[in-house]
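Build the full structure now, drawing on both the sequences and the hints.
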Amino acid sequence: MPVDILIQIAIGGILIGGLYALFAFGLSLIYGVARILNFAHGTLLAIAGVLGSILYGLLGANPLALIGIIALLAVVFFGFGWAFHDTLLAPLKRRSHFEASVGTVLTTVGALIVIGDVAAALAGPRPRNIPIRSDVLEFGDILIPVSQAWMLAAIALLTVVLHLVLTRSWYGRAVRAVTQDHVGAALCGVRARVIHGITFGLGASLAAVAGVLYATVYPIDPYAGFNLTVKAFTIIVLGGVGNLLGALAAGLFLGVAEAFTAFFWAAEWASALSIFLLLAILVAFPQGFGAARRT
Amino acid sequence: MTQHEATMPRVSPPARPRAFGGFGTIVGAAAAGVLALGVPQLGVPYVTSLAFTFLVFFVLAQSWDWIGGLAGYVNLGHFAYYGIGAYAFSIALVSGVPTPVCFLIAAAAVAMIAALLSFPLFRLTGDYFAFATLAVLPLAELLAFNLVPLTGGADGIVLPPRYVLVPAFYTAVGLAVVTFALSVLLARSRFGYALKSIRNDEQAAEVVGIRIFPAKRAVMVLSGAFAALAGAVHAWQLSYIDPPTVFGLNVALVPVAMALFGGSGLLWGPLVGVVLLFSVQQYLLVNMTMLHATVYGLIILLIGRFMPGGLLRASVARATPLLRGLTREVHHEIAPAPAAAGREKRLPMPVRKPDPDKVLLSLKGITKAFGGNVAVNAVTLDVREGEVIGLVGANGSGKTTLFNCISKVYEPTGTLLFDGTDMKGLRRDQVAGIGVGRTFQNPRPFGDLTVAENIAVAATFRADRPSMTAALQEAQSYAAFVGLEERFTQRADALSLQEKKSLELARALALHPKLLLVDEVASGLTPAEVKRFVAHIREIREVYGVTVIWVEHIFSALAQIVDRLVVLEQGQVIADAPLAEAVRDERVLAAYLGSAATKEGH
Numbered sequence: 132m133p134v135d136i137l138i139q140i141a142i143g144g145i146l147i148g149g150l151y152a153l154f155a156f157g158l159s160l161i162y163g164v165a166r167i168l169n170f171a172h173g174t175l176l177a178i179a180g181v182l183g184s185i186l187y188g189l190l191g192a193n194p195l196a197l198i199g200i201i202a203l204l205a206v207v208f209f210g211f212g213w214a215f216h217d218t219l220l221a222p223l224k225r226r227s228h229f230e231a232s233v234g235t236v237l238t239t240v241g242a243l244i245v246i247g248d249v250a251a252a253l254a255g256p257r258p259r260n261i262p263i264r265s266d267v268l269e270f271g272d273i274l275i276p277v278s279q280a281w282m283l284a285a286i287a288l289l290t291v292v293l294h295l296v297l298t299r300s301w302y303g304r305a306v307r308a309v310t311q312d313h314v315g316a317a318l319c320g321v322r323a324r325v326i327h328g329i330t331f332g333l334g335a336s337l338a339a340v341a342g343v344l345y346a347t348v349y350p351i352d353p354y355a356g357f358n359l360t361v362k363a364f365t366i367i368v369l370g371g372v373g374n375l376l377g378a379l380a381a382g383l384f385l386g387v388a389e390a391f392t393a394f395f396w397a398a399e400w401a402s403a404l405s406i407f408l409l410l411a412i413l414v415a416f417p418q419g420f421g422a423a424r425r426t
Numbered sequence: 004m005t006q007h008e009a010t011m012p013r014v015s016p017p018a019r020p021r022a023f024g025g026f027g028t029i030v031g032a033a034a035a036g037v038l039a040l041g042v043p044q045l046g047v048p049y050v051t052s053l054a055f056t057f058l059v060f061f062v063l064a065q066s067w068d069w070i071g072g073l074a075g076y077v078n079l080g081h082f083a084y085y086g087i088g089a090y091a092f093s094i095a096l097v098s099g100v101p102t103p104v105c106f107l108i109a110a111a112a113v114a115m116i117a118a119l120l121s122f123p124l125f126r127l128t129g130d131y132f133a134f135a136t137l138a139v140l141p142l143a144e145l146l147a148f149n150l151v152p153l154t155g156g157a158d159g160i161v162l163p164p165r166y167v168l169v170p171a172f173y174t175a176v177g178l179a180v181v182t183f184a185l186s187v188l189l190a191r192s193r194f195g196y197a198l199k200s201i202r203n204d205e206q207a208a209e210v211v212g213i214r215i216f217p218a219k220r221a222v223m224v225l226s227g228a229f230a231a232l233a234g235a236v237h238a239w240q241l242s243y244i245d246p247p248t249v250f251g252l253n254v255a256l257v258p259v260a261m262a263l264f265g266g267s268g269l270l271w272g273p274l275v276g277v278v279l280l281f282s283v284q285q286y287l288l289v290n291m292t293m294l295h296a297t298v299y300g301l302i303i304l305l306i307g308r309f310m311p312g313g314l315l316r317a318s319v320a321r322a323t324p325l326l327r328g329l330t331r332e333v334h335h336e337i338a339p340a341p342a343a344a345g346r347e348k349r350l351p352m353p354v355r356k357p358d359p360d361k362v363l364l365s366l367k368g369i370t371k372a373f374g375g376n377v378a379v380n381a382v383t384l385d386v387r388e389g390e391v392i393g394l395v396g397a398n399g400s401g402k403t404t405l406f407n408c409i410s411k412v413y414e415p416t417g418t419l420l421f422d423g424t425d426m427k428g429l430r431r432d433q434v435a436g437i438g439v440g441r442t443f444q445n446p447r448p449f450g451d452l453t454v455a456e457n458i459a460v461a462a463t464f465r466a467d468r469p470s471m472t473a474a475l476q477e478a479q480s481y482a483a484f485v486g487l488e489e490r491f492t493q494r495a496d497a498l499s500l501q502e503k504k505s506l507e508l509a510r511a512l513a514l515h516p517k518l519l520l521v522d523e524v525a526s527g528l529t530p531a532e533v534k535r536f537v538a539h540i541r542e543i544r545e546v547y548g549v550t551v552i553w554v555e556h557i558f559s560a561l562a563q564i565v566d567r568l569v570v571l572e573q574g575q576v577i578a579d580a581p582l583a584e585a586v587r588d589e590r591v592l593a594a595y596l597g598s599a600a601t602k603e604g605h
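As given, the protein sequences belong to chains A and B, one line each in that order. Residues 132 to 426 (this note's numbering) are what the first sequence spells out, left to right. Residues 4 to 605 (this note's numbering) are what the second sequence spells out, left to right.
It should be emphasised that the hints constitute simulated quantities derived from the structure, not laboratory data. Note that beta-carbon positions come from the ideal geometry of N, C-alpha and C, so glycine has one too. There may be inaccurate statements among the hints.
[What the hints assert, rightly or not] Among chain A residues calculated to face chain B with C-beta under 10 Å, some are:
hint : residue
1    : 166
2    : 167
3    : 222
4    : 223
5    : 228
6    : 238
7    : 242
8    : 354
9    : 360
10   : 364
11   : 405
12   : 410
[Claimed, not checked] To be clear about the criterion: a stretch of chain B counts as covered by chain A if any three or more of its residues have a C-beta under 8 Å from a C-beta of chain A, and this derived list gives those stretches:
hint : stretch
13   : 72-80
14   : 126-139
15   : 146-157
16   : 248-258
17   : 293-299
18   : 304-316
Okay, here's the thing in structure tokens:
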């Protein structure tokens, strides 16, 4: 087995793994802060990919327009996420523990089905992608498309920015205050509902960015969402809730592992990997690897 | 138990008839089943197949609710069992196995898979559990697609072409009746109460002697096997299955939505939910050409947003004459005994003769650290039979942590010997089983069970395993003992804080403990109530020979009864002496009673 083939596969894995991580940040952030497991998270990514592809076509397949599309979708999804939380999820907090938990699950699962189906009805169920022509960097026999190199750089940059926002900004401090004790935070003038709403919006935004970038690499259809949510969930169980670096490492690991599974075994088993991995972690690390918490 | 039966109050007939939820309900369900057998005689295959589909959904929703409603775990992957059952049945049928055996194979295969899956899945609770179970669906679908030699992959499996609608319908009727009857029986059984306790508070359930994991695994297996039978009979009737039909996410959550829409955990909830949502589904199928999934998703979303407790828990249902009878929660009830008999002096507890020379509990170097904080530090202590020990110390000195170490809420380092048994590695339920009862500082009764059931659950899981009915009769004595006879049939979450603490004491006594760990039961009581409580502890010790360790800040209460005072400071024992000696110890005065006590010359 030539080494450069292995490296080539690993690079592909790292790229997709970075996207997984970016997308898992959103799920992790929402769960860590608002204690809501958003089952529709992957569906947001999927429809962002589909929307991105449609807009890209409308704007004449101009690679520069992609940046505008990403910015636009990030803003729109931010608003959508905030509104979704505020109208549908926040009111459930007033109910008893079991009802709130069941209600949240049903609401986000319902949203997963509705969003996917409406998108499929409007845009068609077929997979779409964003075809970008770009130069290829050559290192010996290893090829890296320039667009994908840029993408990796963008993911790295976003991770750093997100880390800084969470550790250095007012929002980051408010998030930590609300996470630890929302009553105490409220007494200091931090409203949990607003912070949760912003966090939900931010999570949706990250899913949108990841969705558009994903569509530049792989075709995506409106129903693809749930399998991606499973991947993101595996990543946050592996890396720890609210742990950005952990999620990044876990995302890269999953991406590379899938790439090798597809190469050495069969592509159709690659997507089962995350579920097997998830169940295996649960058996091997009963207390959670990182932070699969018992409630 | 014959000894107490003589002293037990006579049980009068129930005060109000139990309209729904009793054994009569099973007879009613069987009768409805017999009537339903007439449906194929109408000679309209459409009606028969409609009724058939309805029954399949009912079996799925009701069996889902055994985990969801009784045990409080939201299993979103229930439909995977249906799908695997359908596949197992079809594969067996195609290979020429006789049909009845195919049903058995489907149920057995899924029971095994459910038992295996319960190991990773029940490591989780709450949303995590819901999520991981939902992930089982795409996994099952992938396996069905990819294991082509077994499943035919995307082509699915075509069954031999025979007209089986009528026998399939009869099978479904039988299955539905059994499912319903089992639900009635489960709700009243000891196993059912183990699940209901788990639903409320797993740790409290363990502390009253319930072994929770096997109970959770058993209910997973049972509910999986019924879902598998539903899948098998459906595959038989459809005569063709492929992965999206039996694992598709869009249909998968329909039975869950049905059970929750009606009212999860209520006997009639799943049935009402299936009747209503099934009607909506049929209406939409006839009247809409597209967006079926959207409407479904929307219904699931709206149930989650506005009615997660279900229709039968909404005030609308209680106000509707037709539904009112169905909204009742099923509580195991016996009629309260006449007040005089309820105040029966003797508790139905074994009378032990303590041997004051025998060490009942021995702690050697017990240590428990949380990170860098050593909450309990090398505590060594011997407790002799029949002693009442007051455990005091400032807040944060490690008293409750020490209790948690003894009852195995935490596993400490060091040696714990109880009645000659090394407690190393014992589970919480085993600790309860060898005779350690405890109360929690913040009371943790099973909120949605009645006072009676709370006490009876502890009694029924004792080593002598009295029936739930016998346990409930016993419970009356304990309730009367702690002053809760008026509250006997009320839900525990309706009690005041003090009443909850009393309930915890009653629940711990129902375990027939040799050692009782009492954690701040008297704080917040009036002086008269404290006096009464001290009298209780005295009676528990003097009449029944129970050894007591009592954590309390109300020093005057302790002073009336304790033989020995053990004082903790920062996790260490700083004094272990008879009361009179301990209160003269300078360190104790400084650490616990404060310097003011020193000046007053206590």
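Checklist entry - Of the hints stated earlier, which fail here? => result none
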